[in-house]
Amino acid sequence: MPIEVHLDKVLADRGMTLTELSNEVGITMANLSILKTGKARAIRFSTLAALCDTLACQPGDLLSNE
Amino acid sequence: MPANVLSSGQYASGVCTTERSHIEKRYGRYLLFFDMETQSRGGAVGYGIWLFNLTLRVLTLALIVVSLAAAPLALLFLTGRGPITVPAELDPPYRISFLDEQDRSIVVASDFRINEYRNFDSGEEARYLKEPPDVRVDIRIDRADTNSRAVMTGSALGALLLAWVTVWNLRRIVRSAVGGDPFVPKNVARLRRLAMVAFAFPLLDLATTIILDRTLESDPPVDVIGAGVGWWVLAVVGLAVLALAEVFRSGSDLRQLELETV
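For the protein sequence lines, the chains are G and S, in the order given.
Numbering-wise (my numbering), the first sequence opens with residue 1 and increments by one.
Numbering-wise (my numbering), the second sequence opens with residue 1 and increments by one.
Excised from the complex, chain G in its bound form:
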């Protein structure tokens, strides 16, 4: 997949765990796992917006093109 997900790095920078993020954003652990491990084929804008709001970051911090 040419799009890389940097969720791990952003979480580490903010000292947050995946479980905490899941509780904050309201996305299941399973879906966050899919996203984190690069198995997601698509992400909804609403999900991306919720992640960025919670992590106080920009979409470009979470996603990059190889």
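Fair warning: there could be bad hints in the mix.
In silico lysine to aspartate or glutamate, EDC-like type, Cα no more than 16 Å apart, as pairs [claimed, not checked]:
#1 G:39 - S:260
#2 G:39 - S:258
#3 G:36 - G:8
#4 G:36 - S:260
Hints listed in this document are in silico derivations from the structure and should not be mistaken for laboratory results.
Add chain S to chain G, keeping to what the hints say.
Below, chain S alone, put in the same frame as chain G:
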């Protein structure tokens, strides 16, 4: 009200739950076969799929009964003890005459049983027929004709197998629909199998007819008609099921995409 008597509402929920648990423990494996989930009725799934599911269960039971009888019946027929008749068309020459002056029916006389009459309009006579009429007869396969009996028995068992494949695959498709997730790759394969079965039925009929034409010894000669399976109908059904399989494939792809969309 005495303390040990529940109100009607409690009775309905409390005792029924206990009773169902007892039933499930004792007859659980049979219930799995029947899959009697009452919430299916107009609850989680529509009445249509519920009714279809019920019909398939009844068909499965009928197939089980037929299958249990198949082996002894096959033995009976192969050993020449059961009657087997084959529909056929009588080839000319044959004698045609009237029953009487009032009856305008044709009686085809030959060495075997007559089973069809052709009615003619008043005033019309057989000798004015320009072509010999199609005369259909039932040929009773002789006891000693083991080849023909084997062909008929094999054909019947083949049809039974195809029926099992149909019901088996349909039940699994319907079960996935009842479970709320029908668009899975397995259902695509099942639908393609059903389409192949629709094409296989007339092929089985054709093969049986061709082989029987060679094995049947009858005088005068006959042309075996076969079971009269509607070729065109089954071909259309097969194509429709193949098209449905492609629809399910698209649905399965969309479902997979949805699963992988965060």
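Each hint, compared with the structure:
1. Among the hinted pairs, residue 39 of chain G with residue 260 of chain S is consistent with the structure: their alpha-carbon atoms are about 7 Å apart, no more than 16 Å.
2. Distance restraint check for residue 39 of chain G and residue 258 of chain S: the Cα-Cα separation of roughly 12 Å lies within the 16 Å cut-off, and the hinted pair is therefore satisfied.
3. As the CA atoms of residue 36 of chain G and residue 8 of chain G are separated by approximately 7 Å, the hinted pair is consistent with the 16 Å bound.
4. Restraint check for residue 36 of chain G and residue 260 of chain S: satisfied, since their Cα atoms lie roughly 12 Å apart, inside the 16 Å limit.
In summary, this structure violates none of the numbered hints.
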